[in-house]
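Taking the numbering used here, I'd label the letters of the sequence shown as residues 38 to 170.
Source of the hints: derived by calculation from the structure; they are not laboratory data. Please note: incorrect hints may appear among the correct ones.
[To be verified] In the EDC-like style, the derived pairs of lysine to aspartate or glutamate whose C-alpha atoms are separated by at most 20 Å in a straight line are:
hint, residue 1, residue 2
1, K123, D153
2, K45, E81
3, K45, E82
4, K123, E90
5, K134, E57
6, K134, E102
7, K123, E55
8, K127, E102
9, K134, D101
10, K134, E55
Computed from a prediction, not measured in an experiment: that's the story for all the values here.
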Amino acid sequence: MPDINTEKVCFVIVKARELECEDEGVDADASNETDDKFTSIMTEEAYQTVRAEVKAAIDSMDEDEQCELVALAWVGRGDFSAEEWKAAVKEARERRKGPTSAYLLGIPLLSSFLEDGLAEFGESCEGYATDRQ
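The task is simple: from the sequences and hints, build the whole structure.
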């Protein structure tokens, strides 16, 4: 069972989901609210701001929390089962080379994997207030 605070994981999930919704390559000035039914596309500046928030949140975690966050993503991705939790954390610690934030931010669908990982342990982000920091 993970020791990492669920709220920390949920913060990363919410922010990573914002990054995954980014539609790169679209000029924000080309948007017409009438045509796109008020759909908003994140600007490059906003994208970089959110990415910096996620990076800072992960970088502020201690080594144990970072290893558990990686292991949780692996469990959610199906690389390990919940029963293999200790092995997943051990491998995350052994494979740790560069910044954990860089590794995690490079995983497509990170938010889904973390969410699925939490679910494997009976946890969720339901009720998590996105305005908490």
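Hint by hint, here is what the structure shows:
Straight-line distance between C-alpha atoms of K123 and D153 comes to about 17 Å, which keeps the hinted pair within the 20 Å bound. For the given pair, K45 sits about 25 Å from E81 by alpha-carbon distance, which is inconsistent with the 20 Å threshold. In summary, the hint linking K45 to E82 is not supported, as the alpha carbons are separated by about 24 Å, beyond the 20 Å threshold. For the proposed pair K123 and E90, the alpha carbon gap of about 28 Å is over 20 Å, so the pair is violated.
Simply put, K134 and E57 have alpha-carbon atoms about 25 Å apart, too far for the 20 Å limit, and the pair is violated. At most 20 Å may separate the alpha-carbon atoms for a hinted pair to count; K134 and E102 meet this at roughly 15 Å. Proximity of K123 to E55 is assessed by CA-CA distance (about 30 Å); at most 20 Å being required, the pair is judged violated. Taken as a hint, the K127 and E102 pair is honoured in the structure, with Cα atoms around 12 Å apart against an allowance of 20 Å.
Restraint check for K134 and D101: the C-alpha separation of about 14 Å stays at or below 20 Å, so the hint holds. Of the pairs offered as hints, the one joining K134 and E55 is violated, with about 26 Å between alpha carbons and a cut-off of 20 Å exceeded.
The structure does not agree with the numbered hints 2, 3, 4, 5, 7, 10 stated previously, though it agrees with the rest.
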